Each structure stands twice: as C-alpha cells, then as structure tokens.
Amino acid sequence: MNLIRYQAPDLAPWPALDRWSNLRDELNSFFDMPFWSSFSRTSQLFTGWSPALDLYESGDHLVAVVELPGMRKEDIEISLHDGTLTISGERKRENTNGETAQRTERHVGTFRRSITLPTRVDASKVSATYQDGILKVTLPKAEEAKPKQIQVS
Amino acid sequence: MNSLTRETRESDRVQAEQFITPPASVTEIGDGYVLEIEMPGVKKDGLEISVENNELTLIGRRSLSAVEGTLLHRESRPENFRRAFEIDPSIAADKIGAKIDQGLVTLTLPKAEHVKPRKITVC
Chain A
11 MNLIRYQAPD
21 LAPWPALDRW
31 SNLRDELNSF
41 FDMPFWSSFS
51 RTSQLFTGWS
61 PALDLYESGD
71 HLVAVVELPG
81 MRKEDIEISL
91 HDGTLTISGE
101 RKRENTNGET
111 AQRTERHVGT
121 FRRSITLPTR
131 VDASKVSATY
141 QDGILKVTLP
151 KAEEAKPKQI
161 QVS
Chain B
1018 MNSLTRETRE
1028 SDRVQAEQFI
1038 TPPASVTEIG
1048 DGYVLEIEMP
1058 GVKKDGLEIS
1068 VENNELTLIG
1078 RRSLSAVEGT
1088 LLHRESRPEN
1098 FRRAFEIDPS
1108 IAADKIGAKI
1118 DQGLVTLTLP
1128 KAEHVKPRKI
1138 TVC
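Same order as they appear, the protein sequences are chains A and B. Per our numbering, numbering through the first sequence is continuous, rising by one, with the last residue being 163. Per our numbering, numbering through the second sequence is continuous, rising by one, with the last residue being 1140.
Because the hints were derived from the structure by calculation, they are not lab data. This structure is a prediction, so every number in the text was calculated from the model and none was measured. Just so you know, not all the hints are guaranteed correct.
Covered stretches of chain B, as calculated for chain A (at least 3 residues, CB under 8 Å) [to be verified]:
#	region
1	1037-1046
2	1081-1087
Residues of chain B clear of chain A, computed beta-carbon distances all greater than 12 Å [as the list claims (entries may be wrong)]:
#	residue
3	N1070
4	E1072
5	H1090
6	E1092
7	D1111
8	K1112
9	I1113
10	A1129
11	E1130
Below, a list of computed lysine-lysine pairs in the BS3-like style, where the Cα atoms sit at most 27 Å apart [as the list claims (entries may be wrong)]:
#	chain 1	residue 1	chain 2	residue 2
12	B	K1128	B	K1112
13	A	K156	A	K102
14	A	K102	A	K83
15	A	K135	A	K146
16	B	K1128	A	K83
17	B	K1116	A	K83
18	B	K1112	B	K1061
19	A	K146	A	K83
20	B	K1116	B	K1061
21	B	K1116	A	K102
22	A	K146	B	K1060
23	B	K1128	B	K1061
24	A	K146	A	K156
25	A	K156	A	K135
26	B	K1061	A	K102
27	B	K1116	A	K146
28	B	K1136	B	K1112
29	B	K1116	B	K1128
30	A	K135	A	K83
31	A	K102	B	K1136
32	A	K146	B	K1061
33	A	K158	A	K135
34	B	K1060	B	K1136
35	B	K1060	A	K83
Where is the CB? At the ideal position from N, CA and C, for every residue including glycine.
For reference, chain A alone in the conformation it holds in the complex (with noise of 0.2 Å):
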C-alpha cells in the first residue's frame, strides 16, 4: 500500500502539512475496510473474546467506544497504564440448571482488550458510561497534547 501520495508540487503551497494529512487518509481508509474488522474479529477464536472497539479524536479528548452488550456495570473495568488503554472483565454464565444449550454463539467468560493510545492522556479525568450495551471512555488529553495557539505578543 502506498501511504504517501505523489504530490505535485504547484499544488501544495504547505507540502508538510499536505502529506500528513493524505497520510492520515490512508491509515483511515485502512483502517474503514472490512478486512481490518474481520482481522480482529477472528483474532478472538484464539484469546478467549475480545469486543469491538472504535476509537475518536477531537481537540481535546480521546473517545474510545467499546460493544459490550449484555453485561453489568460491575463485571466491567477499565485501567490505564503507560498510555495503553485496557477494558476486561467477565461475562458471566447464568445457572444453567435444567437448562439445555440448543446454540451458543455468545461469548461468556474473561474478555480483555487493550489499545494503544495516539496522545498523552490525563488519568484522573477519564470517566465512562454504559449503555444500551455500549461503553463509551472519554479520556481527556493531557495539557501537553492539547492543540495550542500562541499568541505573537
């Protein structure tokens, strides 16, 4: 794959900032196609299982989505070390008395994933809400990754 395009350069009068921005196209667009999500998803056959996860980037903060349906509050934890961000926890397995499994395509037990965060972020404001299935991890950049403008005095 190509990561940088060919520019041609009466087009770009800010070359530098022309070709990070193609580049962050491309690592998009990779990252947007079917493969990568059925990459990661059959990665789960050999560590247990292993939600999907989206992650955001806006000014000032980091947004990292997580599928969990069908969990508890409680089974689910969250940690921060060394700027990787890792979600586990367990689904745990109803009583089964009496009970006969005709198909079981759920996933029960420890799950883990970890992803490397892009920016520094500060640990003490990173704050997390669950619903409908979906755990959402605002993690606020740390002041030294927040985009600043200075001012010509």
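With chain A held as given, fit chain B onto it using these hints.
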C-alpha cells in the same frame, strides 16, 4: 464517513439495506426456550420483532449517538442487525415475550399448552 452511513440507514430502500447477523444463543428450559441475541446500541424502539409463517424475525436498528471527532480506528460495523429463526410448531407464537437490556435481546418462547407433558389423574 459517519453521516454517509447514517443516511443510507434511514432511507426507505429496504431491499438494498445491508444487515449483519448478530450472535445468538438458544437455551431450552423446562417448558420453553430462551433466545438471546446481542444487539449493542439498539434501544427498545429500534427493535422490531415479527412472526410470520413460523418464521421469527428480529431487526435491530441502532441509534448510536454520534461521537464528535475523527475516527482513528474502527472495528464496529455500521449496519443494523437482522436475525431470523424458524420456530417449532410446538411454540405458542402468541405468548412470545421479549425484553432488551444493555443491548441484549431476550425472548422467551413458551411451548403451547397441548405439547406440555401432563399428568392425568385417575379418578
């Protein structure tokens, strides 16, 4: 990218709509079955359950609140969920119960009275 997928989702072109198949589990309990289907991001009003010609169809439409910012990494699928099951004639289709909690749909499918084992007392 986000707004583009949302538009197709809300369009009326049902035929062209793409769905993903969510994982499901079926358990037999005493006098019925329990069906659990994972539909993260689906609220009560986004869930459509129908029974027609012994076919039980579930459609879950997601109402995801848009996250502001640029998408850096994506593993979730933007499509809605659809799953269909053929139901056993022994199930009382009019007594099917459904609930959705934290993106997990739980259906209870009781067996019809006439197929339940019963004891006949000799008088």
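### Query
Is K146/A close enough to K1061/B, meaning Cα to Cα at most 27 Å?
holds (19 Å)
### Task
Over 12 Å to the closest beta carbon of chain A is the bar; see if D1111/B clears it.
Holds, because the least Cβ-Cβ distance between D1111/B and chain A comes to about 22 Å, which exceeds 12 Å.
#### Entry: Status of the stated non-contact between N1070/B and chain A (beta carbon gap over 12 Å)
holds (21 Å)
### Message
A cut-off of 12 Å on Cβ-Cβ distance, and H1090/B was said to be off the interface with chain A. Does that hold?
### Response
violated (4 Å)
### Message
According to the definition I'm using, a residue is off the interface if its beta carbon is farther than 12 Å from all beta carbons of the partner; does E1092/B meet that for chain A?
### Response
At roughly 4 Å from the nearest Cβ of chain A, E1092/B sits no farther out than 12 Å, so the non-interface label is violated.
### Cβ separation check - K1112/B to all of chain A, threshold 12 Å
holds (19 Å)
### Task
For the pair supplied as a hint, K1061/B and K102/A, confirm whether the alpha-carbon distance does not exceed 27 Å.
This hinted pair holds, its Cα atoms lying about 24 Å apart.
### Query
Is the hinted pair K156/A and K102/A satisfied, with a Cα-Cα distance of at most 27 Å?
violated (40 Å)
### Message
When I compare C-beta atoms, does the region 1037-1046 of chain B have three or more residues closer than 8 Å to chain A?
### Response
This one holds; 7 residues, not fewer than the three required, reach chain A with a Cβ under 8 Å.
### Query
Holds or violated: are the alpha carbons of K1128/B and K1112/B at most 27 Å from each other?
Judged against 27 Å, a Cα distance of about 9 Å means the pair holds.
#### Entry: 27 Å Cα cutoff - pair K102/A, K83/A
holds (12 Å)
### Query
Is the hinted pair K146/A and K156/A satisfied, with a Cα-Cα distance of at most 27 Å?
holds (21 Å)
The structure fails to meet hints 5, 6, 13, 16, 31, 34 from the earlier list, while all remaining hints are met.
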